[in-house]
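Engineer: Guided by the hints, dock chain B onto chain A, whose structure is given.
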Amino acid sequence: MIGDNPFHRISHLSQERARNRTEDLGDPKYAANLIHTALENGANGFTFSVSETTIAILKELDKLETISNVRLYPVVPYAFEYVRFAAQLGGIPGLVRRFGIDMLKSRRLGAIGYGLKGALTADPVDLMKTYLSYEISRVRSSTNKGRLDSVWLHQLITDMALALNLDWLFKSYFDFLTSRKITPGFNTGNFAFLAEKFDTWNIDLSKVLIAAPFNRVGFQMTPSAADCEKALMKMPKPVVIAISVLAAGFIPPKEAADYLATLPNIKGVALGVSKLKHATETFEIFKKRLDSP
Amino acid sequence: MGTEKLRVAIVGLGKMGLLHTSILNVIPNVQLAAVCEKNSLTRRVFKKILGDVPLLADLDGLSGLDIDSVFITTPTSSHFKVAKQVYESHLARHLFIEKPLTSNYDDSRELCALANRKGGINMVGYLRRFMVTFVKAKELLSEGYIGEPSSFRITAYSSDFVGVSESTEISEARGGVLRDLGSYAIDIALWFFGGFQLRSAENHSLTASGAEDSVLFSVYQEPNSLLGTVSVSWCEEGYRMPEVVLYIEGSKGAIEVSDDRVRLSLSNGNESVWFRHSLNDNVKFWLGAPEYYREDEYFVESARNGSVAEPSFETASNVDLLIDLIKRKLKKD
Numbered sequence: 001m002i003g004d005n006p007f008h009r010i011s012h013l014s015q016e017r018a019r020n021r022t023e024d025l026g027d028p029k030y031a032a033n034l035i036h037t038a039l040e041n042g043a044n045g046f047t048f049s050v051s052e053t054t055i056a057i058l059k060e061l062d063k064l065e066t067i068s069n070v071r072l073y074p075v076v077p078y079a080f081e082y083v084r085f086a087a088q089l090g091g092i093p094g095l096v097r098r099f100g101i102d103m104l105k106s107r108r109l110g111a112i113g114y115g116l117k118g119a120l121t122a123d124p125v126d127l128m129k130t131y132l133s134y135e136i137s138r139v140r141s142s143t144n145k146g147r148l149d150s151v152w153l154h155q156l157i158t159d160m161a162l163a164l165n166l167d168w169l170f171k172s173y174f175d176f177l178t179s180r181k182i183t184p185g186f187n188t189g190n191f192a193f194l195a196e197k198f199d200t201w202n203i204d205l206s207k208v209l210i211a212a213p214f215n216r217v218g219f220q221m222t223p224s225a226a227d228c229e230k231a232l233m234k235m236p237k238p239v240v241i242a243i244s245v246l247a248a249g250f251i252p253p254k255e256a257a258d259y260l261a262t263l264p265n266i267k268g269v270a271l272g273v274s275k276l277k278h279a280t281e282t283f284e285i286f287k288k289r290l291d292s293p
Numbered sequence: 001m002g003t004e005k006l007r008v009a010i011v012g013l014g015k016m017g018l019l020h021t022s023i024l025n026v027i028p029n030v031q032l033a034a035v036c037e038k039n040s041l042t043r044r045v046f047k048k049i050l051g052d053v054p055l056l057a058d059l060d061g062l063s064g065l066d067i068d069s070v071f072i073t074t075p076t077s078s079h080f081k082v083a084k085q086v087y088e089s090h091l092a093r094h095l096f097i098e099k100p101l102t103s104n105y106d107d108s109r110e111l112c113a114l115a116n117r118k119g120g121i122n123m124v125g126y127l128r129r130f131m132v133t134f135v136k137a138k139e140l141l142s143e144g145y146i147g148e149p150s151s152f153r154i155t156a157y158s159s160d161f162v163g164v165s166e167s168t169e170i171s172e173a174r175g176g177v178l179r180d181l182g183s184y185a186i187d188i189a190l191w192f193f194g195g196f197q198l199r200s201a202e203n204h205s206l207t208a209s210g211a212e213d214s215v216l217f218s219v220y221q222e223p224n225s226l227l228g229t230v231s232v233s234w235c236e237e238g239y240r241m242p243e244v245v246l247y248i249e250g251s252k253g254a255i256e257v258s259d260d261r262v263r264l265s266l267s268n269g270n271e272s273v274w275f276r277h278s279l280n281d282n283v284k285f286w287l288g289a290p291e292y293y294r295e296d297e298y299f300v301e302s303a304r305n306g307s308v309a310e311p312s313f314e315t316a317s318n319v320d321l322l323i324d325l326i327k328r329k330l331k332k333d
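Heads up: the sequence lines are chains A and B, in that order.
In this text, residue positions in the first sequence follow my numbering: the first is 1, and each later residue adds one.
In this text, residue positions in the second sequence follow my numbering: the first is 1, and each later residue adds one.
Hints are computed from structural coordinates only; laboratory data are not their basis.
Quick caveat: nothing in here was measured; it's all calculated off a predicted structure.
Hints may contain errors.
To be verified - Pairwise CB distance ranges, derived in the manner of DEER restraints:
| id | chain 1 | residue 1 | chain 2 | residue 2 | range |
| --- | --- | --- | --- | --- | --- |
| 1 | B | Ala208 | A | Ala226 | 29 to 35 Å |
| 2 | A | Lys275 | B | Gly238 | 17 to 23 Å |
| 3 | A | Asn265 | B | Arg7 | 38 to 44 Å |
| 4 | A | Lys63 | B | Pro75 | 44 to 50 Å |
| 5 | A | Lys237 | B | Gly194 | 54 to 60 Å |
| 6 | A | Glu281 | B | Gln197 | 54 to 60 Å |
By construction, the Cβ of each residue, glycine as well, lies at the ideal position given by its N, Cα and C atoms.
Next up, chain A with everything else stripped away, as it sits in the complex (with noise of 0.2 Å):
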């Protein structure tokens, strides 16, 4: 699939060569065009932090006439976005505050009754379906021709859960996804540390998607390049979804795709590009490889 890293002008080997791109990131209609390109070469989803870009991106995409259908994997929340919200509006009360008027404004019923629900209990799950809810209402009213595949948990918050030992908190979110034939997805830093709890909070580790750090360096492999594999050999079937794969740009793709391969229950890869050409080559090499047997 391919991933909106680019559009949010993000790199992570240099945020100075992410500033430098002279290409229009930011444009949605350039976006939709390379989504389009990737979907034509080899991938076949789209994977984005919610936000006011992607969204118009979303709505760009649908006047394709050549799209039919795209799989779609929402992150939420876009972290980053509400950690500077925060710092503007004074910490997490301001945030709330801001977010509660956003949701009000919205006139999003389902999730206007949770956050009632949410405000007067102060219930961590009440105040995250109520999230949810808006954000998963906020894509699908965006879009004729997206499919809601799956919605992962951006990896700020599912590492933070993991640290605190928050599996009432998973099995919530779990829970609510899987009502609504929505695979529940997780995006982690911490691939080892989460297969072991999920297998140790009887969290059905078949039911899940889980977007994890995989590269021939071990660039993010946390502990290490060799814990992480161990886990993933220990999956039920492939669920996951290998994320920086290109160790952001220092491994060419042929070389990255190659260790891919050599892997066990990758379920897919995410990739991001920033060029119509990187889009049609990166994506027909990684289809290539991992599809041969």
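Structural biologist: Just chain B now, kept in the frame of chain A:
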């Protein structure tokens, strides 16, 4: 300390408090013993999240909980008051304070004196000292790869207040750009080169009249005539994350280091570049960035072993001294 766990309390459950709380909960030999947060809405939301960990409205509640170490992650303006109470009420021996130490040099000196009298380990959270790229650059400089340094330039930029107006209340609560983002740049300059004299300073108010948003200052060091310029702003476009870049010019070459990479350029034309993944950046648990875990683990081990942790209050107070001098100069000019 043997096999006993270090009992830790967090004071202030904002962004940084939550991050430290989570990381400390996965560090072996640490027991999260209490959290203090004065905002009642935040306390209500986090009651279930923290489970059995006591969630207190004020510091007095820490008394009797047998706390070894307190992490202060409240807004800068309250660091001094909270730290003073921890020491004077004997609430804990060891203290970690998120950067900067306090909101002025006088308070920092008083806190240093208090810490010296009380003993225990103390440290300030200047994160870039635990970032593999900056550690590598310091090593290259110390080993003489670029010869004698003649000048340096530091930029510390974020987009936190881009497009924001009339926000002096929030920006002041964060201590102005110098204490917030500039303190990182100043700590790096002091860590790499030692003490300085201030030459010039100018401020540009961008969010509101009189706001400290974008500061440019220069320093020099006798007797080696080292010159440095530092530019700090939280109103720069395109900085999704705050970024600090240091460029050092030496007699045999130059070093450029950012959060992502280190570049060594020698006068003979040779160049080497290191990215994070070639610098052994892995940690046991990754939250936010690897250096957060490294920083907390280092402080915990220092407290358990009774070894000095750097940057200590004493070291970090020098950052507050330079900030006060810059602020005084800005007011005077």
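Engineer: For each hint, tell me whether it holds in the structure or not.
Structural biologist: Consistency of the hints with the structure:
1. B:Ala208 x A:Ala226: 29 to 35 Å: For A:Ala226 against B:Ala208, whose Cβ atoms are near 53 Å apart, the range 29 to 35 Å is violated.
2. A:Lys275 x B:Gly238: 17 to 23 Å: holds, 19 Å
3. A:Asn265 x B:Arg7: 38 to 44 Å: holds, 40 Å
4. A:Lys63 x B:Pro75: 44 to 50 Å: At roughly 47 Å between Cβ atoms, B:Pro75 and A:Lys63 fall inside 44 to 50 Å, so the hint holds.
5. A:Lys237 x B:Gly194: 54 to 60 Å: holds, 58 Å
6. A:Glu281 x B:Gln197: 54 to 60 Å: holds, 55 Å
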